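Asker: Okay, here's what each chain looks like letter by letter:
Protein chains: 2
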Amino acid sequence: MTEFELIERYFRRPARNAVLGVGDDAALIAPSPGFEIAASVDMLVEGRHFFPGTDAEALGHKTLAVNLSDLAAMGATPRWALLAFALPSVDEGWLAAFARGFFALADAHGVDLVGGDTTRGPRNLCVTVLGEVPAGRALRRSGARGGDSIWVSGKLGDAALAIAHQSGRIRLEGADLVDCENALARPAPRVALGLGLRGIASAVIDVSDGLVGDLGHVLDASQIGATIDLDLLPRSSALERQLGGAAREIALQCLLAGGDDYELCFAAPRARDAAIVTLGDRLGLPLTRIGIATAQHAGLEVRDATGRPLERLPHAFDHFAP
Amino acid sequence: MTEFELIERYFRRPARNAVLGVGDDAALIAPSPGFEIAASVDMLVEGRHFFPGTDAEALGHKTLAVNLSDLAAMGATPRWALLAFALPSVDEGWLAAFARGFFALADAHGVDLVGGDTTRGPRNLCVTVLGEVPAGRALRRSGARGGDSIWVSGKLGDAALAIAHQSGRIRLEGADLVDCENALARPAPRVALGLGLRGIASAVIDVSDGLVGDLGHVLDASQIGATIDLDLLPRSSALERQLGGAAREIALQCLLAGGDDYELCFAAPRARDAAIVTLGDRLGLPLTRIGIATAQHAGLEVRDATGRPLERLPHAFDHFAP
Numbered sequence: 001m002t003e004f005e006l007i008e009r010y011f012r013r014p015a016r017n018a019v020l021g022v023g024d025d026a027a028l029i030a031p032s033p034g035f036e037i038a039a040s041v042d043m044l045v046e047g048r049h050f051f052p053g054t055d056a057e058a059l060g061h062k063t064l065a066v067n068l069s070d071l072a073a074m075g076a077t078p079r080w081a082l083l084a085f086a087l088p089s090v091d092e093g094w095l096a097a098f099a100r101g102f103f104a105l106a107d108a109h110g111v112d113l114v115g116g117d118t119t120r121g122p123r124n125l126c127v128t129v130l131g132e133v134p135a136g137r138a139l140r141r142s143g144a145r146g147g148d149s150i151w152v153s154g155k156l157g158d159a160a161l162a163i164a165h166q167s168g169r170i171r172l173e174g175a176d177l178v179d180c181e182n183a184l185a186r187p188a189p190r191v192a193l194g195l196g197l198r199g200i201a202s203a204v205i206d207v208s209d210g211l212v213g214d215l216g217h218v219l220d221a222s223q224i225g226a227t228i229d230l231d232l233l234p235r236s237s238a239l240e241r242q243l244g245g246a247a248r249e250i251a252l253q254c255l256l257a258g259g260d261d262y263e264l265c266f267a268a269p270r271a272r273d274a275a276i277v278t279l280g281d282r283l284g285l286p287l288t289r290i291g292i293a294t295a296q297h298a299g300l301e302v303r304d305a306t307g308r309p310l311e312r313l314p315h316a317f318d319h320f321a322p
Numbered sequence: 001m002t003e004f005e006l007i008e009r010y011f012r013r014p015a016r017n018a019v020l021g022v023g024d025d026a027a028l029i030a031p032s033p034g035f036e037i038a039a040s041v042d043m044l045v046e047g048r049h050f051f052p053g054t055d056a057e058a059l060g061h062k063t064l065a066v067n068l069s070d071l072a073a074m075g076a077t078p079r080w081a082l083l084a085f086a087l088p089s090v091d092e093g094w095l096a097a098f099a100r101g102f103f104a105l106a107d108a109h110g111v112d113l114v115g116g117d118t119t120r121g122p123r124n125l126c127v128t129v130l131g132e133v134p135a136g137r138a139l140r141r142s143g144a145r146g147g148d149s150i151w152v153s154g155k156l157g158d159a160a161l162a163i164a165h166q167s168g169r170i171r172l173e174g175a176d177l178v179d180c181e182n183a184l185a186r187p188a189p190r191v192a193l194g195l196g197l198r199g200i201a202s203a204v205i206d207v208s209d210g211l212v213g214d215l216g217h218v219l220d221a222s223q224i225g226a227t228i229d230l231d232l233l234p235r236s237s238a239l240e241r242q243l244g245g246a247a248r249e250i251a252l253q254c255l256l257a258g259g260d261d262y263e264l265c266f267a268a269p270r271a272r273d274a275a276i277v278t279l280g281d282r283l284g285l286p287l288t289r290i291g292i293a294t295a296q297h298a299g300l301e302v303r304d305a306t307g308r309p310l311e312r313l314p315h316a317f318d319h320f321a322p
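For the record, the sequence lines run as chains A and B.
With this note's numbering as the guide, the letters of the first sequence map in order to residues 1 to 322.
With this note's numbering as the guide, the letters of the second sequence map in order to residues 1 to 322.
Okay, chain A solo, but in the shape it has when bound:
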């Protein structure tokens, strides 16, 4: 199969929302008048972001999901995507499954695949997403103010727990294993939440590298501190079980700094607490108030059940850490 046949067979779809889709030197898209374009790119590398042998359909889903999560964190509506990938060889079964996972999520969000590039090489998946947001209404990291409530969606740490299991550091079983592996393989980008937070949240980030690091970025950008309560952090029963056992330290690391959560962490004025609860109910998505922003100190303070700050916070994931 040639490169062109491969694109034709698996990745050329009618562009419903584009002026011109796959097949020319560049795609053409027409932004809505009065809107800004939000643009983000993420690169997933085999052996680094996913294990060799990872299910191709799940990988197709996740490759797009992690990008949509970035748009969600801006309050942008996803519209278009470009997909570049390197593959060690042409495996039609793999390609068909990958495309199935990718397009299922793209269709669910009305995203057009408008361009891409394919080549041979060590497996690498690089997606650029483009979304739209009314001019001036995007949700940045930099707007949190002292007294704002700090919130997080969904649950934290399950994906990291699955990685800890797969790399042999802990042992999960039964439904716990299934749930955590599903959280790792099929994160749900919180697009509807991001849209709902426009006009409510003062600062938003998606939790991709772990809560401590990502909330830290919000605090740095907003030039403010925050105190959150460990006991308030939303977690699954699987993670709760690990917290209560021999692997407590690992579970704590997963909860606070595990990464791969793709939940949204956001700040909002306390006066909007009720509106946020209502939003969570409407979306059927748990939204948990985990603490408060403060101008009294810099950085992030995490309090334990006794109200004492943890002395050492785990580090965020860093791709270039030694």
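These aren't lab readings, by the way, just hints derived from the structure by calculation.
Quantities reported herein were computed from a predicted structural model and do not represent experimental measurements.
Treat the hints with caution; some may be incorrect.
[Unchecked claim] Now the in silico label distances, taken between C-beta atoms and shown as ranges: (1) GLN223/B to HIS315/A: 52 to 60 Å; (2) ARG186/B to PRO269/A: 47 to 55 Å; (3) ARG186/B to ASP304/A: 57 to 65 Å.
[To be verified] Which residues of chain B face chain A? A partial, calculated answer using Cβ under 10 Å: (4) LEU28; (5) PRO31; (6) HIS49; (7) GLY53; (8) GLY116; (9) PRO122; (10) ARG141.
In this text, a Cβ means the ideal position worked out from N, Cα and C, and glycines have one as well.
Take the given structure of chain A and dock chain B to it, following the hints.
Answerer: Quick look at chain B alone, frame taken from chain A:
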């Protein structure tokens, strides 16, 4: 050095043309009213698109240049870029040189780097470029008509000749070697030509995979044929010398299907021949009329000096060819 320090040190620049540049979940850009966005992505893999040990500054240039070439072929003005890359390790000398090459070309074209992603992995460089073109005025591949002149900018085949030398298939020396290696390492994207061709050309493509294949895409998209003359194809004295020697077959392959040229090949009504000559003079860029589009036959016919069609045309480069 952490991932964030790396970005901060080498890739964070003030965004002159963006609402919000590097440093949030997504960049924000404001398209000009009445313009469409042209978007393209290219992935360069070490060992596939460039040899290990390739000069990092040249690679920074080329990584962006091949993308700008796609925008040039659409008649779009380059505005923004996103850069995702995987590196086997953090090498500050390499990063500084790569960034220097990348930003020198970006600055020359007024392009803002607005986003990106960095990770550890086999060396892989993935750039997405976004440009602007007045709505409805982009140059597509599909507009060529019978009787149109077929043109190509610059010279063809030198980059492929350099690869043939580097892989030991031919031997270049002195100025010939310098010129060909420069053509390979530092292609000049024909952005000004693309802009000048708006309203003149009926179809445009950039020659990245070789003239035969790329002009073939124009003919397929336009549902038309063409006849071009081998003797008219613009080539360097280096390539001319190889054509006259023992390596004639290889040189012919480089000229017709070598790839990595990043010149523009375009069709335009014969009535615009004079306007195109004037445009080439204004840009100081040779534009050569190499043949004519025809509705009399499908596909591409290449005639030799005697007017006889070549029996077998070399293939375009295909990344997934066996």
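Asker: Compare the structure with each hint and give your call.
Answerer: Results of checking the hints against the structure:
1. GLN223/B to HIS315/A: 52 to 60 Å: This hint holds: roughly 58 Å between Cβ atoms.
2. ARG186/B to PRO269/A: 47 to 55 Å: 53 Å, holds
3. ARG186/B to ASP304/A: 57 to 65 Å: 58 Å, holds
4. LEU28: Status holds, d = 5 Å.
5. PRO31: 5 Å, holds
6. HIS49: 7 Å, holds
7. GLY53: With Cβ-Cβ at 17 Å, over 10 Å, it is violated.
8. GLY116: 6 Å, holds
9. PRO122: 4 Å, holds
10. ARG141: 5 Å, holds
In this structure, only the earlier hint numbered 7 is contradicted, and the remaining ones agree with it.
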